[in-house]
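Sequence order for the protein chains is A and B.
Each residue of the first sequence is one higher than the last, beginning at 1 in UniProt numbering.
Each residue of the second sequence is one higher than the last, beginning at 1 in UniProt numbering.
Hints are computed from structural coordinates only; laboratory data are not their basis.
Treat the numbers as computed from the prediction; the structure is a model and nothing was measured.
Just to be clear, a hint being listed does not mean it is correct.
Said to hold, decoys possible - With the C-beta cut set under 10 Å, the calculated list includes, among others, these residues of chain B facing chain A: (1) GLY111; (2) VAL114; (3) ILE126; (4) VAL144; (5) LEU147; (6) ASN191; (7) ALA194; (8) MET210.
To be verified - Computed, partial: chain A to chain B, Cβ under 8 Å: (9) ARG93; (10) ARG121; (11) PHE124; (12) TYR156; (13) THR164; (14) ALA167.
Quick reminder that beta carbons are idealized off the backbone N, C-alpha and C, glycines included.
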Amino acid sequence: TGTMAAPGGGGRNGAPAAEWGGFEDNMQQGGGSAVIDMENMDDTSGSSFEDMGEMHQRMKEEEEEEAEGEAGAGEEEDGEFLGMKGLRGQLGRQVADQMWQVGKRQASRAFSLYANIDILRPYFDVEPVQVRARLLESMIPVKMINFPQKIAGELYGPLMLVFTLVAILLHGMKTSDTIIREGTLMGTAIGTCFGYWLGVSSFMYFLAYLCNAQITMVQMLSLLGYGLFGHCITLFVTYNIHFHSLFYVFWLVVGGLSTLRMVAVLVSRTVGHTQRLILCGTLAALHMLFLLYLHFAYHKVVEGILDTLEGPNMPPFQRVARDIPVVSSAVLNTTAKAIAMTL
Amino acid sequence: FPGLADVSISQDIPVEGEITVPVGSHSPDEDYSTLDEPVRDTIMRDLRAVGKKFVHVMYPRKSSALLRDWDLWGPLVLCVSLALMLQGGSADSKDDGGPQFAEVFVIIWFGAVVITLNSKLLGGTISFFQSLCVLGYCVLPLTVAMLVCRLVLLAGAGTISFIIRLIVVVAMFGWSTLASTAFLADSQPPNRKALVVYPIFLFYFVISWMILTFTPQ
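Sequences and hints are given; from them, build the entire structure.
Now the structure itself:
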């Protein structure tokens, strides 16, 4: 081993091809092999043997090309094409170039591994008729709860329903002139809807895991997402026609139907009375309460403030302190009266 | 030096070598020659490209010029002008000026990104930035509608002006949706066009709603 290393180490310092001879052979064979590619995938450092070997091989080849070109140019630099003048300029540039290529390759490999949206592609594989059928089905409670009902694990419909809900919420907030301080209307709407969809789905999935229900996360997201169809209809109607009694009717009927459907599907997939009760009670409560919250928090709060300024109690849903001169002066008067009475 | 006789190159090749190598080393200079042109030429070239794309949006025909050389200058200009015009439109100007600009900006860009991802997930063949480019350029009719609404509101804010604004905004919304659908829906399988058109419809509907409910202070 000593005799083998010495000729390689003690010789030229500009062309270490002999030292890397073994790896070069590997590189030639492994260029198209999947096995060596898989090994390279785990490599996060920039100085793996294969890459260094490849780099040096390419540098050597390009030096030889440059050498031929410059030798063709003739003049006194015939014997000096590997001289220090040529090396300093060309070598530095090529090393930088090779480092850039290696870095780019590894970055694109990492990107294609982690930021691959193809992971989500199977969940978007739907036809428009399927989406329409599922939308209508989400309002029809199933009768057969002894047999596990099929849930389609699809994300296109739920995502579009969440965005529609965001648009409807925005419309409701604009018509009631809700002013949100320290934030934007759009941010609040998006945060509320997505927070409900993702947060309640995760929570219900966790509960389902505890209660041994047969449901996956994507199915839970899909079920809850399609349940928002009832919310969309209710809010779309009641944000435009302002009768509280109409809202309560819609809340019970439309909200109730979609809740019944979700509950029936969950019950069909759970065993045991206590577990069924826990799961369905939680889901029904959260679903109905969300609709109630969306209606009251974002809609015509002005009426609420003006109505209750007569009595001493302020309403619980005081989401916005609307800064109208009339209201603020009325509030000021009431407070002044209250303070005067206590003194 | 007898060994060098083998190494030396024949008389023909140096001539070829001298001709090819200098040309090879001059080509980076040719690429950089656009650095030497006057700034006016660069700006005019970019402005002409943006203007051509505006014309394509206003008269949507099946041309691929909008898709081939995408650029995001037009969408940026349109988005900023729309956001500026939508400012100052509610009760308190002191704490609502900021969020409204950010709102419009975020809605347009976030919405465009979501629609692009959606169309890619549904099996579209169009690239990310091409789709962003098309969606951004198709905001042009709505920007024109905003201008018209502002001018109408200068004259008064009664029922007649509301009806005029409604008609204008609805017409421009339809134009925007049709224009962007003409470019984007072609890249989808034929039976799934409705799945791609719906988010675009929702996106321009939200923007139109913001324009229609704008009331200056």
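Hint check results:
Proximity of GLY111 of chain B to chain A holds as hinted, the smallest CB-CB distance being about 9 Å (cut-off 10 Å). Look at VAL114 of chain B: its Cβ gets to within about 8 Å of chain A, closer than 10 Å, so that hint holds up. Taking 10 Å as the C-beta contact cut-off toward chain A, the hint placing ILE126 of chain B at the interface is violated, the least distance being around 14 Å. Here the hint on VAL144 of chain B is broken, as its CB sits about 22 Å from the closest CB of chain A, past 10 Å.
The restraint placing LEU147 of chain B at the interface with chain A is violated, with a minimum CB-CB distance near 21 Å, outside the 10 Å limit. Because the closest C-beta pair between ASN191 of chain B and chain A is about 6 Å apart, less than 10 Å, the hint holds. Evaluation of the ALA194 of chain B hint against chain A yields a held restraint, the C-beta minimum of about 4 Å falling below 10 Å. Hint status for MET210 of chain B: holds, given a least beta-carbon distance of 8 Å to chain A, under 10 Å.
Violation of the interface hint for ARG93 of chain A is found here, the shortest Cβ-Cβ separation to chain B being roughly 12 Å, above the 8 Å cut-off. Of the supplied interface hints, the one on ARG121 of chain A holds, with its beta-carbon coming within about 6 Å of a beta-carbon of chain B, less than 8 Å. Taking 8 Å as the C-beta cut-off, the interface hint given for PHE124 of chain A holds, the closest approach to chain B being about 4 Å. Because the closest C-beta pair between TYR156 of chain A and chain B is about 7 Å apart, less than 8 Å, the hint holds.
Interface hint at THR164 of chain A: satisfied, since its Cβ lies 6 Å from the closest Cβ of chain B, which is below the 8 Å cut-off. Annotation: ALA167 of chain A was flagged as interfacial toward chain B, and the flag holds, the nearest CB pair being 5 Å apart, inside 8 Å.
In terms of the numbered hints stated before, the structure departs from hints 3, 4, 5, 9, listed from lowest to highest.
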